[in-house]
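Taken in sequence, the protein lines are chains A and B. Yeah, the first sequence ends on 338 if you go by this note's numbering, and it's all consecutive. Yeah, the second sequence ends on 365 if you go by this note's numbering, and it's all consecutive.
Simulated from the structure, these hints should not be mistaken for lab results. It is possible that some hints are incorrect.
[Said to hold, decoys possible] Listed below are the simulated PhoX-like cross-link pairs for lysine-lysine, each with C-alpha atoms no more than 25 Å apart in a straight line:
1) A/K212 / B/K210
2) A/K335 / B/K303
3) B/K115 / B/K45
[To be verified] If you anchor each label on the Cβ, the simulated ranges turn out as follows:
4) B/K115 / A/Q159: 46 to 56 Å
5) B/F242 / A/E158: 53 to 63 Å
6) B/I65 / A/Q167: 13 to 23 Å
Everything numeric in this text was worked out from a predicted model, so none of it was measured. Every residue gets a Cβ at the ideal spot worked out from N, C-alpha and C, and that includes glycine.
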Amino acid sequence: MTVISVEGLKTHFLTRAGVVRAVDGVSFSLDRGEVMGLVGESGSGKSVTGFSIIGLVDAPGKIVDGSIFFHGDDLSKLSARQMQALRGSRIAMIFQDPMMTLNPVLRIDTQMIEAIRAHEKVSRKEAWTRARDGLAQVGIPSPEQRLRAYPHQLSGGMRQRVAIAIAFLNNPDLLIADEPTTALDVTIQAQIVHVAQKLCRERGTALIWITHDLAVVAGLADRIAVMYAGRIVEAGDTDDVIDHPRHPYTVGLLGSVPSANQRGQRLTQIPGMTPNMLALPEGCAFRDRCTHSDNQCSKAPQVSTDERGHAIRCFHPQYVKTPA
Amino acid sequence: MTPIIEARGLSKKFVKRLDLAGKIAQRLGADIHEEIVHAVDNVSLSINAGEVVGLVGESGCGKSTLGRIIAGILPQTAGTVLVDGKDTADMNSTDRTAAALAVQMIFQDPFASLNPRMRVEQIIGEAPLVHGLTDRAGLSDYVDDVMMKVGLDPLLKQRYPHQFSGGQRQRIGIGRALAVKPRFLVCDEAIAALDVSIQAQVLNLFMDLREQFELTYLFISHDLSVVEHIADRIVIMYLGRVVEAADTEALFDDPQHPYTRALLAEIPRLDQRKRDFTPIAGEIPSPLNPPSGCHFHPRCPYVMPVCKTEVPKLAAQHDLRQVSCHLDNSTRRIID
Ligand SMILES: Nc1ncnc2c1ncn2[C@@H]1O[C@H](COP(=O)(O)OP(=O)(O)OP(=O)(O)O)[C@@H](O)[C@H]1O
Ligand SMILES: Nc1ncnc2c1ncn2[C@@H]1O[C@H](COP(=O)(O)OP(=O)(O)OP(=O)(O)O)[C@@H](O)[C@H]1O
Ligand code: SF4
Ligand code: SF4
Ligand SMILES: [Mg+2]
Ligand SMILES: [Mg+2]
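Please model the complete structure; the sequences and the hints are all you need to start from.
Written out as structure tokens, the structure is:
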């Protein structure tokens with residue numbers, strides 16, 4: 015059952031310096047319980063994709079083309095109030111900084127009870143019980159006590175788990191997790207991934223995990239989509255993308271991840287710098303960093319998909335195997 | 030061989046002073062007092078010339094503090110630092126200057142650590158000029174040479190830091206350190222702020238420079254896979270103390286300290302698919318009020334009564350590995 019389907023999404027920012035095509039023709043869909051890793055370097059449009067789905071793109075940004083269907087309903091047809099009702103109940107998002115979700119001047123209990131009662135008519139008592147159970151489910155010790163705390167009295171990792179607990183309060187069908195572990199230590203990162211993975215599995219929640227860390231999504235996601243300069247340049251089953259990357263950018267990214275078998279050796283590096291979104295090269299946006307580019311690449315490559323559903327946007331697919 | 034750097038029993042305590050409200054509350058009899066963080070607690074470490082030592086641990090465990098003390102930019106509360114076998118506290122001023130130049134530090138945030146009002150030429154050239162490594166006439170060539178070593182185009186030397194990308198700014202920071210011809214670099218999260226595709230470039234640069242100039246590094250990172258890649262030896266810290274130190278291969282093949290084992294189990298790896306993420310139990314304790322005995326005991330699956338009362342010693346094992354744990358190997362294997 016398809017939960018979310020994004021088709022040809024274009025979200026642009028009309029700035030004084032020019033049009034930033036932050037998301038420029040992105041398509042994907044997710045079934046119930048499916049986990050997709052959305053990977054790419056800084057500025058590639060991962061967050062803007064998430065914000066577009068949840069309806070939080072602000073001026074000067076605008077969805078200029080494409081559509082987003084949630085359980086088959088076109089989200090652009092919803093009123094602001096309907097969208098608001100969807101947000102935080104059926105679709106939830108967590109962020110790199112949990113303080114985007116949490117209000118610093120309110121106690122955790124107040125915020126959690128509010129989050130439940132905004133979408134459902136239940137007594138405060140019942141909402142409180144659900145809030146407490148929610149904290150327990152994300153592994154927060156002595157939840158009754160923590161409910162009385164203010165956000166600043168919790169560690170960064172705990173705050174992020176509270177944000178996850180809030181996201182799950184109303185049993186969402188889709189959770190968008192935007193780099194929720196980037197600022198955290200490995201051990202805390204494992205806690206966060208663990209609770210998100212557990213809750214999504216238990217409840218069949220579809221999950222979009224946004225990150226620049228391929229190793230995390232390799233262990234978490236069913237499918238991976240790689241973004242570069244506003245476009246998905248490669249997408250497919252996790253095993254296909256990681257073990258048999260086809261797009262030169264993905265090949266480069268995988269080569270630059272340090273791994274045990276390359277201990278002490280030079281890493282393969284992607285030349286050049288992260289692209290300036292206001293001055294992308296014509297045609298394939300990766301052209302000036304790509305070691306396989308030729309004249310053909312001055313035209314924009316279209317998506318080609320093989321029989322396994324492994325899709326790329328490139329004129330010269332690579333056939334390499336990532337060393338295990 | 031005399032180690033290039035040796036730290037003996039280093040400790041650093043930070044006192045978190047009370048603010049006015051706290052002082053008044055204290056006068057009125059409230060149970061508040063100045064809080065002391067034992068950021069580095071009796072750490073000894075020696076690094077041989079040419080070695081790359083990785084320093085790993087969770088946020089707040091004291092990595093930067095230790096790095097800064099070793100780099101000579103933060104005074105220790107107790108203990109000694111020896112450069113080439115000589116105690117820095119006993120050096121005359123000539124030796125002290127030489128030691129200060131020999132040991133340089135590279136920081137995480139390539140932007141905050143560069144003066145925004147200085148041109149690259151000045152940022153890189155200032156220290157060598159002051160220390161007589163070049164004169165005014167030779168400065169321009171000197172800077173060009175350093176810029177080329179770190180992969181920057183010398184034509185850009187009249188620019189300001191904000192006119193460069195993150196990766197380029199980190200190269201400027203590395204250039205500034207290299208300009209005084211150091212032998213030892215403390216790299217504190219030197220690639221953490223960079224984009225994935227750029228991290229590999231800078232990591233490669235560190236490896237090239239090491240070879241070219243026979244540099245020695247203390248490479249601080251919270252990212253074990255980065256450290257695994259670059260370091261010959263790895264030191265693991267937990268709440269101010271070293272819990273394990275070993276050759277990289279030995280550490281990864283056979284981690285001994287329960288904390289190291291838990292840490293290694295949690296590194297995300299490309300070749301692990303559809304895994305169940307299982308975290309270490311418990312929360313990171315507050316450094317203001319660390320657990321008694323072995324700091325790791327509230328989270329340790331092997332905890333014994335002695336762990337709660339006695340601090341385990343950092344003991345050397347047959348393979349030169351050092352581990353600080355009451356559990357001996359044979360017992361651990363039986364429990365496993
Ligand atoms: N409010 C805005 N005004 C102008 N441009 C914007 C705005 N928000 C985002 N952008 C641009 O849109 C592009 C995509 O940004 P986005 O935040 O989606 O990147 P990202 O992939 O999430 O990166 P990161 O990994 O750094 O979070 C960037 O080039 C960014 O500069
Ligand atoms: N100037 C200072 N004043 C007071 N406390 C400090 C100071 N510098 C560091 N600390 C404390 O000392 C402890 C160790 O800090 P340090 O910065 O060395 O940790 P770290 O391992 O480098 O952490 P991170 O990975 O977050 O950089 C922390 O509890 C920190 O809050
Ligand atoms: S289309 Fe051309 S430039 Fe773009 S990634 Fe493929 S080979 Fe490289
Ligand atoms: S000393 Fe005890 S508590 Fe500490 S790591 Fe060893 S077994 Fe665990
Ligand atoms: Mg983002
Ligand atoms: Mg630090």
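key: Pair hint A/K212 and B/K210, alpha-carbon separation not exceeding 25 Å   = Answer violated: A/K212 to B/K210 is near 52 Å, above 25 Å.
message = 13 to 23 Å was suggested as the range; check whether the CB atoms of B/I65 and A/Q167 agree with it.
response = holds (20 Å)
inquiry  = Against the range 53 to 63 Å, how does the distance between the Cβ atoms of B/F242 and A/E158 compare: consistent or not?
reply    = Holds, since B/F242 and A/E158 (Cβ atoms, about 59 Å apart) stay within the stated range.
Given hint B/K45 paired with B/K115 - CA-CA distance at most 25 Å = Violated - the C-alpha atoms of B/K45 and B/K115 are around 33 Å apart, more than 25 Å.
ask   = Does the structure keep A/K335 and B/K303 at a Cα separation of 25 Å or less?
value = Status holds; Cα separation ~20 Å.
ask   = When you take the CB atoms of B/K115 and A/Q159, is the distance between them in 46 to 56 Å?
value = Holds: the Cβ-Cβ distance is about 53 Å, inside 46 to 56 Å.
The structure fails to meet hints 1 and 3 from the earlier list, while all remaining hints are met.
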